[in-house]
Amino acid sequence: MAKKKFICKVCGYVHEGDAAPEKCPVCGAPASEFVEQKPKGLFSDINSNAYIILYSVVMVVIVAALLAVASFSLQDRQNANILNEKQQQIVKALGEDPLTAKYGDVIAEAQILDAKGNPIAGKSEADVFAALQDMKSTLAAGEFPIFKAKNGCVVIPVYGVGLWDAIWGYVALEPDLDTIKGIVIDHKGETPGLGAEISTSAHHALYVGKKIFDDSGKFVSVTLKKGGTNPNDPNYAHEVDAITGGTKTSDGVTAMLHDCLENYLPYIDANKAANSNMSNN
Amino acid sequence: MNIKNLTNPLSLNNPVIVQILGICSSLAVTVKMKPALVMGLSVMVVTAFSNLVMSSLRKGIPSRIRIIVQLVVIAALVILVDQFLKAYVYDVSKQLSVYVGLIITNCIIMGRVEAYALGNKPWDSFLDGIGNGLGYAAILLIIAFFRELFGSGQIFGMQVIPESWYIANGGFYSNIGLMLFPPMALIIVGCIIWIHRSLNKDLQEK
Numbered sequence: 001m002a003k004k005k006f007i008c009k010v011c012g013y014v015h016e017g018d019a020a021p022e023k024c025p026v027c028g029a030p031a032s033e034f035v036e037q038k039p040k041g042l043f044s045d046i047n048s049n050a051y052i053i054l055y056s057v058v059m060v061v062i063v064a065a066l067l068a069v070a071s072f073s074l075q076d077r078q079n080a081n082i083l084n085e086k087q088q089q090i091v092k093a094l095g096e097d098p099l100t101a102k103y104g105d106v107i108a109e110a111q112i113l114d115a116k117g118n119p120i121a122g123k124s125e126a127d128v129f130a131a132l133q134d135m136k137s138t139l140a141a142g143e144f145p146i147f148k149a150k151n152g153c154v155v156i157p158v159y160g161v162g163l164w165d166a167i168w169g170y171v172a173l174e175p176d177l178d179t180i181k182g183i184v185i186d187h188k189g190e191t192p193g194l195g196a197e198i199s200t201s202a203h204h205a206l207y208v209g210k211k212i213f214d215d216s217g218k219f220v221s222v223t224l225k226k227g228g229t230n231p232n233d234p235n236y237a238h239e240v241d242a243i244t245g246g247t248k249t250s251d252g253v254t255a256m257l258h259d260c261l262e263n264y265l266p267y268i269d270a271n272k273a274a275n276s277n278m279s280n281n
Numbered sequence: 001m002n003i004k005n006l007t008n009p010l011s012l013n014n015p016v017i018v019q020i021l022g023i024c025s026s027l028a029v030t031v032k033m034k035p036a037l038v039m040g041l042s043v044m045v046v047t048a049f050s051n052l053v054m055s056s057l058r059k060g061i062p063s064r065i066r067i068i069v070q071l072v073v074i075a076a077l078v079i080l081v082d083q084f085l086k087a088y089v090y091d092v093s094k095q096l097s098v099y100v101g102l103i104i105t106n107c108i109i110m111g112r113v114e115a116y117a118l119g120n121k122p123w124d125s126f127l128d129g130i131g132n133g134l135g136y137a138a139i140l141l142i143i144a145f146f147r148e149l150f151g152s153g154q155i156f157g158m159q160v161i162p163e164s165w166y167i168a169n170g171g172f173y174s175n176i177g178l179m180l181f182p183p184m185a186l187i188i189v190g191c192i193i194w195i196h197r198s199l200n201k202d203l204q205e206k
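Read top to bottom, the protein sequences are chains A and B. Sequential numbering from 1 applies to the first sequence in this note's numbering. Sequential numbering from 1 applies to the second sequence in this note's numbering.
There could be a bad hint or two in this list.
As the list claims (entries may be wrong) - Pairs of lysine to aspartate or glutamate residues, derived as EDC-like cross-links and limited to a Cα-Cα distance of at most 20 Å, are as follows:
| id | chain 1 | residue 1 | chain 2 | residue 2 |
| --- | --- | --- | --- | --- |
| 1 | B | Lys94 | A | Asp186 |
| 2 | B | Lys59 | A | Asp45 |
| 3 | A | Lys248 | A | Glu197 |
| 4 | B | Lys94 | A | Asp165 |
| 5 | B | Lys32 | A | Glu197 |
| 6 | B | Lys86 | A | Glu36 |
| 7 | B | Lys86 | A | Asp186 |
| 8 | B | Lys94 | A | Glu197 |
| 9 | A | Lys86 | B | Asp91 |
| 10 | B | Lys94 | A | Glu85 |
| 11 | B | Lys86 | A | Glu197 |
Please keep in mind that the hints were generated in silico from the structure rather than gathered at the bench.
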């Protein structure tokens, strides 16, 4: 049995044994003056280093577990929201009201094209939406998602950089693959009231009916023109008004439309011919 | 005592207009009323529960790492709120964007934990948190009301200024673009403080 320690309250003498001594050998105090010294625990003092480290470790583990559980259980719902938003934007780009028209009713097929404009085999719709999640690396990998609507229109996702951060959108082309049927542009952090106006429906309405090819069939995309457009200008069919006070953002949109639509030229050339053949027949 | 915890921060000890805390987010998320309401409620949830948790733990927290523990508790709560918003009100969480994450640095929350929760019982601290959150939300909603009404002609997204009044439709009225910018929120906060102090003479500095 381990020996207990007794301290004399009068002189501080420490006696080791099973009980307090009858008389303190130093100062002569009686046994009642002795108190038992309890062994000091490692964690008994809340300002000791050991306690602080233990406290931090336990706290971090509990918090991490809590956040992991929350993140895991809400993941499906969050992903469903993100998917739903993308689908709604695609439907909106086609000029339909996302409240009444469902994605499944409007879109026939979602594909990923390679650089030659041929669909990459074995890509499911889920793969296409996964590719939309990270457009930057999708485009870098030479993969170009496209959505084919039941009425012959196609929706092309575009992605670029505005003044402050990423901008993206969906361009819907008429079956002639030249005329813009509708567009939706969204942004992450453009200046509210200025650059952020690119995400308003008033701005999107400007694009409707614009053409991405000129009369000779050359790809010109659509440009946001600073100072406004003029119906008498020969390029009027390929220009929309830039955002006043958002020149850098407007330039970003112009570059985004040009660079992203350009990737689809092989596809457009191949299918434009097919579409016009069909109409000739 | 308990009731005062709840009512004091609404007016006489309001975190925004008396303590001048949390100004940053009250400029940023008050363009529309709906995001302002969600932001106010989120801050209320975080202040209430961080006060509750910190107050329950207050006797066991080593004072040397007190601030770190506060940050961990507050950050964990904010992440939870952010996750819930993303899962249940996705459109609003998109509008609030980074400002939900920035609740962590909202001075109101750490201020209340440090000044109140660490020295008071959990239930009192919880009410104090609710009260301060409500005080913050109330000011946010007042600012957002004026900014949305005069900036977009709407309240909670509903058009209240008749369309026919607008110049575009042959009327005489147009929205005030300045209302959409953060400086206008600062001016409105200034006006609220002005009115509030002239009604409560005790608050006026000599």
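Results for each hint:
no.: 1; hint: B:Lys94 with A:Asp186; in the structure: holds, 11 Å
no.: 2; hint: B:Lys59 with A:Asp45; in the structure: holds, 12 Å
no.: 3; hint: A:Lys248 with A:Glu197; in the structure: holds, 13 Å
no.: 4; hint: B:Lys94 with A:Asp165; in the structure: holds, 15 Å
no.: 5; hint: B:Lys32 with A:Glu197; in the structure: holds, 16 Å
no.: 6; hint: B:Lys86 with A:Glu36; in the structure: violated, 59 Å
no.: 7; hint: B:Lys86 with A:Asp186; in the structure: holds, 18 Å
no.: 8; hint: B:Lys94 with A:Glu197; in the structure: holds, 16 Å
no.: 9; hint: A:Lys86 with B:Asp91; in the structure: holds, 12 Å
no.: 10; hint: B:Lys94 with A:Glu85; in the structure: holds, 11 Å
no.: 11; hint: B:Lys86 with A:Glu197; in the structure: violated, 24 Å
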